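**Q** Chain by chain, the residues:
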Amino acid sequence: TQLLEQSPQFLSIQEGENLTVYCNSSSVFSSLQWYRQEPGEGPVLLVTVVTGGEVKKLKRLTFQFGDARKDSSLHITAAQPGDTGLYLCAGGGFKGQNFVFGPGTRLSVLP
Amino acid sequence: NAGVTQTPKFRVLKTGQSMTLLCAQDMNHEYMYWYRQDPGMGLRLIHYSVGEGTTAKGEVPDGYNVSRLKKQNFLLGLESAAPSQTSVYFCASSYRGLYEQYFGPGTRLTVT
Numbered sequence: 001t002q003l004l005e006q007s008p009q010f011l012s013i014q015e016g017e018n019l020t021v022y023c024n025s026s027s028v029f030s031s032l033q034w035y036r037q038e039p040g041e042g043p044v045l046l047v048t049v050v051t052g053g054e055v056k057k058l059k060r061l062t063f064q065f066g067d068a069r070k071d072s073s074l075h076i077t078a079a080q081p082g083d084t085g086l087y088l089c090a091g092g093g094f095k096g097q098n099f100v101f102g103p104g105t106r107l108s109v110l111p
Numbered sequence: 001n002a003g004v005t006q007t008p009k010f011r012v013l014k015t016g017q018s019m020t021l022l023c024a025q026d027m028n029h030e031y032m033y034w035y036r037q038d039p040g041m042g043l044r045l046i047h048y049s050v051g052e053g054t055t056a057k058g059e060v061p062d063g064y065n066v067s068r069l070k071k072q073n074f075l076l077g078l079e080s081a082a083p084s085q086t087s088v089y090f091c092a093s094s095y096r097g098l099y100e101q102y103f104g105p106g107t108r109l110t111v112t
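For the protein sequence lines, the chains are A and B, in the order given. Quick note: the first sequence uses this note's numbering, first residue 1, plus one each step. Quick note: the second sequence uses this note's numbering, first residue 1, plus one each step.
No lab work stands behind these hints: they were computed from the structure. What you are looking at is a predicted structure, and each value in this text was computed from that prediction instead of being measured. Don't take every hint at face value.
What the hints assert, rightly or not - List of simulated lysine to aspartate or glutamate pairs, EDC-like, C-alpha gap at most 20 angstroms:
1. B:K71 with B:E100
2. B:K9 with A:E41
3. B:K14 with B:D62
4. A:K56 with B:E100
5. B:K71 with B:D26
6. B:K9 with A:E38
7. B:K71 with B:E30
8. A:K57 with B:E100
9. A:K56 with A:D83
10. B:K70 with B:D26
11. A:K59 with A:E38
12. A:K56 with A:D67
Claimed, not checked - Simulated DEER-style distance windows between Cβ atoms:
13. B:V50 with A:L3: 19 to 27 angstroms
14. B:T112 with A:L19: 33 to 41 angstroms
15. B:G77 with A:E41: 19 to 27 angstroms
16. A:G53 with B:L22: 36 to 44 angstroms
17. B:G3 with A:S108: 25 to 33 angstroms
18. A:T51 with B:K14: 48 to 56 angstroms
19. A:E41 with B:E30: 22 to 30 angstroms
20. A:L110 with B:L69: 44 to 52 angstroms
21. B:T15 with A:R60: 41 to 49 angstroms
22. B:L22 with A:E41: 13 to 21 angstroms
To be verified - Quick partial rundown of chain B residues pointing at chain A, CB under 10 angstroms, derived from the structure:
23. V4
24. Y31
25. G40
26. E59
27. P105
Backbone N, C-alpha and C define an ideal beta-carbon position, used for all residues, glycine too.
Build out the structure end to end from the sequences listed, making use of the hints.
**A** Below, the structure written as structure tokens:
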């Protein structure tokens with residue numbers, strides 16, 4: 001069974017600060033996705049990374065896939081209250097048809 | 001397009017009662033999924049379907065059954081509800097496996 005760990009579990013910061021959250025596993029994934037979930041809603045896809053070492057940027061968000069495809073990070077620059085939410089990573093296997101989700105990092109950005 | 005819709009949004013059941021959750025998608029996606037989300041445990045896959053008329057077990061299938069009689073609908077059934085099934089249930093769909101998943105708004109189920 002492929003397992004994903006996310007750290008930190010909770011993070012509360014002030015508007016304008018930078019932060020990084022992590023997604024780690026002992027397993028190798030074919031691809032990795034990051035989702036953001038707001039209260040009372042379903043998760044929404046932010047990005048998919050598929051190549052080891054890949055870096056993708058989405059405005060103030062920077063995503064990196066580890067060289068060995070076992071881990072990933074999400075860096076947010078100058079966080080805003082609108083970034084508040086639960087950030088989930090999900091790893092895809094090589095043979096399976098499904099993603100395995102991590103437990104999430106709950107981010108709160110205070111104005 | 002409505003995307004993925006789920007009914008009902010909230011439900012309270014007594015132990016032993018049965019119910020069916022309905023998921024509908026209008027994106028012509030082949031794959032559909034049912035997840036449950038519990039605090040600190042992320043999303044866990046219950047059952048999934050890779051096309052009309054097919055179903056398969058996920059990580060936590062016990063106590064649940066599913067059916068995919070029409071491509072756009074995926075039903076999740078609880079035959080005899082237990083308190084351990086108190087959770088938020090999400091349906092999702094995707095074009096193919098390992099593609100972007102589109103999630104519904106969730107159903108909050110409480111079993112007393």
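**Q** The structure should be examined with respect to each hint, and the outcome stated for every one.
**A** Hint by hint, here is what the structure shows:
1. At most 20 angstroms may separate the alpha-carbon atoms for a hinted pair to count; K71 of chain B and E100 of chain B meet this at roughly 18 angstroms.
2. With a C-alpha separation of about 11 angstroms, the suggested pairing of K9 of chain B with E41 of chain A holds against the 20 angstroms cut-off.
3. Proximity of K14 of chain B to D62 of chain B is assessed by CA-CA distance (about 18 angstroms); at most 20 angstroms being required, the pair is judged to hold.
4. For the given pair, K56 of chain A sits about 16 angstroms from E100 of chain B by alpha-carbon distance, which is consistent with the 20 angstroms threshold.
5. Simply put, K71 of chain B and D26 of chain B have alpha-carbon atoms about 9 angstroms apart, close enough for the 20 angstroms limit, and the pair holds.
6. Distance restraint check for K9 of chain B and E38 of chain A: the Cα-Cα separation of roughly 16 angstroms lies within the 20 angstroms cut-off, and the hinted pair is therefore satisfied.
7. Taken as a hint, the K71 of chain B and E30 of chain B pair is honoured in the structure, with Cα atoms around 7 angstroms apart against an allowance of 20 angstroms.
8. In summary, the hint linking K57 of chain A to E100 of chain B is supported, as the alpha carbons are separated by about 17 angstroms, within the 20 angstroms threshold.
9. For a cut-off of 20 angstroms, the pair hint linking K56 of chain A to D83 of chain A stands: about 17 angstroms separates their Cα positions.
10. About 12 angstroms separates the Cα atoms of K70 of chain B and D26 of chain B, which keeps this hinted pair within 20 angstroms; it holds.
11. Only pairs whose Cα atoms come within 20 angstroms are accepted, and K59 of chain A paired with E38 of chain A is accepted, the gap being roughly 19 angstroms.
12. Our distance criterion of 20 angstroms between C-alpha atoms is met by K56 of chain A and D67 of chain A, whose separation comes to about 14 angstroms.
13. In this structure the supplied range 19 to 27 angstroms holds for V50 of chain B paired with L3 of chain A, their Cβ-Cβ distance being about 24 angstroms.
14. A hinted range of 33 to 41 angstroms for the beta carbons of T112 of chain B and L19 of chain A is consistent with their spacing of about 39 angstroms.
15. In this structure, G77 of chain B and E41 of chain A meet the distance hint of 19 to 27 angstroms, their C-beta atoms being roughly 24 angstroms apart.
16. Checking the proposed 36 to 44 angstroms range against G53 of chain A and L22 of chain B shows it holds: the Cβ atoms sit about 43 angstroms from each other.
17. Distance hint check: the CB atoms of G3 of chain B and S108 of chain A are about 27 angstroms apart, consistent with the given range 25 to 33 angstroms.
18. For T51 of chain A and K14 of chain B, the Cβ-Cβ distance of about 51 angstroms falls inside the hinted range of 48 to 56 angstroms, so the restraint holds.
19. Roughly 24 angstroms separates the CB atoms of E41 of chain A and E30 of chain B, a value that falls within the hinted 22 to 30 angstroms.
20. At about 48 angstroms, the CB distance of L110 of chain A to L69 of chain B agrees with the hint of 44 to 52 angstroms.
21. Evaluation of the 41 to 49 angstroms hint for T15 of chain B and R60 of chain A yields a pass: the beta carbon distance comes to about 47 angstroms.
22. For L22 of chain B and E41 of chain A, the hinted distance range of 13 to 21 angstroms is satisfied, since their beta carbons lie about 18 angstroms from each other.
23. With 10 angstroms as the threshold, the beta carbon of V4 of chain B comes within range of chain A, its nearest partner Cβ sitting at about 7 angstroms, so the hint holds.
24. Hint status for Y31 of chain B: holds, given a least beta-carbon distance of 7 angstroms to chain A, under 10 angstroms.
25. Because the beta carbon of G40 of chain B sits about 6 angstroms from the nearest beta carbon in chain A, less than 10 angstroms, this interface hint is met.
26. A cut of 10 angstroms between beta carbons decides the hint on E59 of chain B: the least distance to chain A is about 8 angstroms, and the hint holds.
27. The beta carbon of P105 of chain B comes within 6 angstroms of a beta carbon in chain A, closer than 10 angstroms, and the hint placing it at the interface holds.
The structure fails none of the hints (numbered hints given earlier).
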